[in-house]
Amino acid sequence: MRGASPDLVRQALADRDSLPGTAGFAGELDGRLVRDVLGRQPLFSDRADPATWSFDHRDLDDPVAVPAGHARETAGEAAGDDERVWSLPDPPAATDRDAALDRVRDAVLDSVRSVSDDGLAVAFSGGVDSAVVASGVPDAPCYVAGFEGSHDVAAAREAAAAMDRDLAVVELTHEALERAVPEIVAALGRTNPMDVQIVLPLYLLAERVAADGHDRLAVGQGADELFGGYAKVQKAPDDPRVEAETVRGAAREMILTLPDQLERDLLVLRAAGVEPVAPLLRDRVVEAALPLPGALLVDGDRRKVALREAASGVLPESVAEADKKAVQYGTYASRELDRLARQAGFKRRMENHVERYVESLVE
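Residue numbering for the sequence shown follows numbering that gives the first Met the number 0, starting at 0 and increasing by one per position.
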């Protein structure tokens, strides 16, 4: 069992407690494979033999992911069958604004301060998510990846200066992207361009962190989903990318996408040689975020309202209120991978031109 003790998970099963106070878990327990409700630990079994399983799909001939919140039978006639054993709580919206903010503040700050800085580095983009994580480990070195001139590198430099933190810049190059793409595809088992673009800077940053002697990397994953960080949440119900009729409903849609995203990110970080640490995805933070009303997620043009309020006591205002681009755009990874595809003859008029380029690098 990875991420929690067998006894704790056994009790969570007995109580159907989906948030029993962990940072996520997965593994084998009493003849079943179990994975926590947000899928914070990847877990796979072999299609032909569910008793053969691994945390890395590359160890298996025909891997099938265990769905988040499920238990999979490994033996007998039911071998391979999945049962949902945990569901994400759906509490009513909090009505006491101050109390809701206090819960978020306590949960976030306690979680980031509970992280050990032993062997730890911080993936630091200059946004509120990574900055609040960095605030909890003041002695851990900070790293940012991006092409020179990119938004993330500039934002990270400004935020690091405001926080009086040293910053290592991992400058991305075309040669690094071309080398990393096949390694990322092997780690993921995916050639989807969006997935590849998102994790390219993370993978190259993690490689540098590992080369510098760190074996753990603190990340701000989960903050956008839990606290309403997406433009499509802000624009609900008018944005066709979400089905919900409210900001709060749209935020929940985003939370439910976390298992797939976290599987992608964790597999890539581990392939690069580091173990991810995501304090903003601890159960206590999730519990504090789920009841937030829409006004504490989005207020006009201000997203992640509650998280910014929580961070305001520990971060300079310029950092707590900083806007941030999605990583694939803020680092120029998406733009430059597209450029490489076109230079290799995969023009934009061709269907799926970037994916075809990715596949050509793998071949």
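These are calculated hints, taken from the structure and not from any lab test. Values in this document were obtained by computation on a predicted structure and should not be read as measured data. Be aware that one or more of the hints could be misleading.
When the alpha-carbon atoms are kept at most 30 Å apart in a straight line, the in silico DSS-like pairs for lysine-lysine are as follows [unchecked claim]:
1. Lys-346 to Lys-324
2. Lys-234 to Lys-324
3. Lys-231 to Lys-324
4. Lys-231 to Lys-346
Point to revise | Structure-inconsistent hints, enumerated in ascending order | key: Violated: none.
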